[in-house]
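Novice: Residue strings, one per chain:
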Amino acid sequence: MSIRLLALLVGAAFFASLAVGPAPITLAQLAAGDPVARTIFFELRLPRALLGLVVGGGLGLSGAALQGWLRNPLVEPGLIGASSGASLGAVLALYSGLAVTVPLALPIAGTAGAALATALLWSLAGQRAGTTVTVLAGVAIASLGGALTSLALNLAPSPLAALEIVFWLLGSLADRSMPQLIFALPFALVGAVLLLAQGRALDALALGDDAAASLGVDLKRLRIATVVGAALVIGPAVAITGAIGFVGLIVPHLMRTRERQLPSRLLWPSLLGGAALLTLADVAVRLVPTPQELKLGTVTALLGAPFFLFLLRDVQRRLP
Amino acid sequence: MTLALTDATLRHGTRTAIDRVSFVLAPGSFTVLVGPNGAGKSSLLRALAGLVPLSSGNASLDDKPLEQMRSRERAQAIGWLPQRGGVAWPIAVEQLVALGRHPYGGIDPDDAVAAALDACDVTHLARRPFDALSGGEQSRVLLARALAGQPRFLLVDEPIADLDPAHQLDALSLLRARAGHGVGVLAVLHDLALASRVADRVVLLQAGRLVGDGEARAVLTHQALRDVFGVAAHIEEDPFFVLPWERL
Numbered sequence: 001m002s003i004r005l006l007a008l009l010v011g012a013a014f015f016a017s018l019a020v021g022p023a024p025i026t027l028a029q030l031a032a033g034d035p036v037a038r039t040i041f042f043e044l045r046l047p048r049a050l051l052g053l054v055v056g057g058g059l060g061l062s063g064a065a066l067q068g069w070l071r072n073p074l075v076e077p078g079l080i081g082a083s084s085g086a087s088l089g090a091v092l093a094l095y096s097g098l099a100v101t102v103p104l105a106l107p108i109a110g111t112a113g114a115a116l117a118t119a120l121l122w123s124l125a126g127q128r129a130g131t132t133v134t135v136l137a138g139v140a141i142a143s144l145g146g147a148l149t150s151l152a153l154n155l156a157p158s159p160l161a162a163l164e165i166v167f168w169l170l171g172s173l174a175d176r177s178m179p180q181l182i183f184a185l186p187f188a189l190v191g192a193v194l195l196l197a198q199g200r201a202l203d204a205l206a207l208g209d210d211a212a213a214s215l216g217v218d219l220k221r222l223r224i225a226t227v228v229g230a231a232l233v234i235g236p237a238v239a240i241t242g243a244i245g246f247v248g249l250i251v252p253h254l255m256r257t258r259e260r261q262l263p264s265r266l267l268w269p270s271l272l273g274g275a276a277l278l279t280l281a282d283v284a285v286r287l288v289p290t291p292q293e294l295k296l297g298t299v300t301a302l303l304g305a306p307f308f309l310f311l312l313r314d315v316q317r318r319l320p
Numbered sequence: 001m002t003l004a005l006t007d008a009t010l011r012h013g014t015r016t017a018i019d020r021v022s023f024v025l026a027p028g029s030f031t032v033l034v035g036p037n038g039a040g041k042s043s044l045l046r047a048l049a050g051l052v053p054l055s056s057g058n059a060s061l062d063d064k065p066l067e068q069m070r071s072r073e074r075a076q077a078i079g080w081l082p083q084r085g086g087v088a089w090p091i092a093v094e095q096l097v098a099l100g101r102h103p104y105g106g107i108d109p110d111d112a113v114a115a116a117l118d119a120c121d122v123t124h125l126a127r128r129p130f131d132a133l134s135g136g137e138q139s140r141v142l143l144a145r146a147l148a149g150q151p152r153f154l155l156v157d158e159p160i161a162d163l164d165p166a167h168q169l170d171a172l173s174l175l176r177a178r179a180g181h182g183v184g185v186l187a188v189l190h191d192l193a194l195a196s197r198v199a200d201r202v203v204l205l206q207a208g209r210l211v212g213d214g215e216a217r218a219v220l221t222h223q224a225l226r227d228v229f230g231v232a233a234h235i236e237e238d239p240f241f242v243l244p245w246e247r248l
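As you go down the protein sequences, you meet chains Z and X in turn.
Per my numbering, the first sequence starts with residue 1, numbered consecutively.
Per my numbering, the second sequence starts with residue 1, numbered consecutively.
The hints are simulated quantities; they were obtained by calculation from the structure and are not laboratory data.
Treat the hints with caution; some may be incorrect.
Claimed, not checked - Derived CB-CB ranges, DEER-like:
(1) X:Arg226 with Z:Lys220: 39 to 49 Å
(2) X:Met1 with Z:Asp209: 54 to 64 Å
(3) Z:Ile224 with X:Gln83: 22 to 32 Å
(4) X:Gly105 with Z:Pro22: 33 to 43 Å
(5) X:Gly105 with Z:Pro291: 50 to 60 Å
(6) Z:Ile224 with X:Arg128: 28 to 38 Å
(7) Z:Gln292 with X:Gly13: 53 to 63 Å
(8) Z:Leu254 with X:Met1: 45 to 55 Å
(9) Z:Ala197 with X:Asp63: 33 to 43 Å
Said to hold, decoys possible - Not the full set, but computed from the structure, chain X residues with beta-carbon under 7 Å of chain Z:
(10) Ser71
(11) Arg72
(12) Pro82
(13) Gly85
Beta carbons: idealized from backbone N, C-alpha and C, even for Gly.
If we strip away everything but chain Z, and leave its shape as in the complex, we get (with noise of 0.2 Å):
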């Protein structure tokens, strides 16, 4: 799919996000200046439209990021430590009972929580170790995280509050609102700019780190670039939304064409595929006639995990 025909299909899923809900709305009422549409729009539909943008092509970017670093295609942004580490600061805010006090508690605790774990990554992974070392460190991070608001659940003061957490991991972007949206934004664009940026490198890391370092890549560099890239643009937004699962999998094999094998040929199709896919999924858990609505996090995984087993299959195929 061409750049060209992707933001379209951003710009369509967009407006579709906009226009789909519980409650139908009309742009006549909203230029009647009707206040119930109005807040509907405003306080409802505009966030979460504009939160499905910014989560799912921050996770297809730093998918295709990272699996380009890692010169792996099975690499997910979860691999970093970063959303486990906001998934866990989250959580405690809810569990102290913060995240209903202090109005963006929860996204602060989580940005911070992402950014303990990128820290502590930093310290174990050291000033010169390489990737190994560095995904390693990653994954052990991550299961602290899990483990850690695996206890935080354990411990919950009532059913009620580990129901609540609960609810909240599995991933969703409804009822998120517009300061939460405005807090995460910067962070996801530094981040975005910061990814963006590394392109020629990774494409030069294709022939490994040796041969990339002969030919003027700076591995140390690089290595902060995408990491301290991935985890502000993951971090925040997990914060805000839950673990959202498969989509920094999915969106870069999705994009991988023939033509598009070099990393920096597949960051900016991975980052509108990633929008667009998250947020019509988004759409869909609404058109859905479940008597709750579907967690978007649980249907992502849902969906994305058969058909991963898909895309490995074909992969399977081509090989020797």
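Chain Z is already provided as a structure; the job is to place chain X on it using the hints.
Specialist: Chain X only, in chain Z's frame:
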């Protein structure tokens, strides 16, 4: 205009890969580096390319220490081709060779890329994905990648190991021609017969130490082949070449 190691030592833990090596690669020279497995040939190349910090001693380009150079400047001057390099993605050959232009900023195929493709006889493969090529074709494509940057010094690690005889000769005459145009070429070769035929200069490495350096007929003597490689060889004088014959 030289690439040099001065009293260079490189240790990996307790193992010494190269041991107080002093070596100067001059422009226009086709130098072949030979030695048994594990003698430190690849380490020497990596040290010359500025890819590993030395434990002691210096690596310098035109008397300027490599670690003080900007990485881009160094990458423009020195090309390095690793032994059996892999490529992570099934990138089209033309795009892959264009990665060699990285030190100059562009990644889109240009004249230098076309020339490198042509020189390595892979122009007809330009649109094929790298993983669909045979081992020998892949080697030629990777050599083209190293040539595409048009470096002043070219360090190639076993560039002909996977090639058929015709392409081995092609690759060597190609490297020769580069030297003829003023490039300093250092190639690691295991084929002593070819090495002795094509090299301006042969450097012999044993257990990390430089034990021979000079014209092929001065370095590849019966005694050196016996002491360093543990083989008896046939040596022809005119034209000079060496053929390892049996293990001692």
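Novice: Are Leu254 (chain Z) and Met1 (chain X) spaced within 45 to 55 Å by their CB atoms?
Specialist: 50 Å, holds
Novice: The hint says 50 to 60 Å between Gly105 (chain X) and Pro291 (chain Z); measuring C-beta to C-beta, is that right?
Specialist: 58 Å, holds
Novice: At a threshold of 7 Å, is the proposed contact between Ser71 (chain X) and chain Z supported by beta-carbon distances?
Specialist: 5 Å, holds
Novice: Measuring from beta carbon to beta carbon, are Ile224 (chain Z) and Arg128 (chain X) in 28 to 38 Å?
Specialist: Because 35 Å falls inside the window, the suggested range holds.
Novice: State, for the Cβ atoms of Ala197 (chain Z) and Asp63 (chain X), whether the hinted interval 33 to 43 Å holds or is violated.
Specialist: Since the Cβ atoms of Ala197 (chain Z) and Asp63 (chain X) sit about 34 Å apart, the hinted range of 33 to 43 Å holds.
Novice: If you check the beta carbons of Gln292 (chain Z) and Gly13 (chain X), does the distance land in 53 to 63 Å?
Specialist: For Gly13 (chain X) against Gln292 (chain Z), whose Cβ atoms are near 59 Å apart, the range 53 to 63 Å holds.
Novice: With respect to the beta-carbon atoms only, verify the hint that Ile224 (chain Z) and Gln83 (chain X) lie 22 to 32 Å apart.
Specialist: Once the Cβ atoms are compared, 29 Å apart, the range 22 to 32 Å for Gln83 (chain X) and Ile224 (chain Z) holds.
Novice: Can you let me know if the beta-carbon spacing of Met1 (chain X) and Asp209 (chain Z) is within 54 to 64 Å?
Specialist: Violated - the Cβ-Cβ distance for Met1 (chain X) and Asp209 (chain Z), about 29 Å, lies outside 54 to 64 Å.
Novice: Given the hint of 33 to 43 Å, check if Gly105 (chain X) and Pro22 (chain Z) actually sit that far apart at their C-beta atoms.
Specialist: Because 53 Å falls outside the window, the suggested range is violated.
Novice: Given Arg72 (chain X) as an interface hint, is its Cβ closer than 7 Å to any Cβ of chain Z?
Specialist: 4 Å, holds
Novice: Given the range 39 to 49 Å, decide if the beta-carbon distance of Arg226 (chain X) to Lys220 (chain Z) lies inside it.
Specialist: 46 Å, holds
Novice: May I ask you to test the interface hint for Gly85 (chain X) with respect to chain Z, counting a Cβ-Cβ separation under 7 Å as satisfied?
Specialist: Since chain Z brings a Cβ to about 6 Å from Gly85 (chain X), closer than 7 Å, the hint holds.
Of the hints listed earlier, those the structure fails to meet are numbers 2, 4, in rising order.
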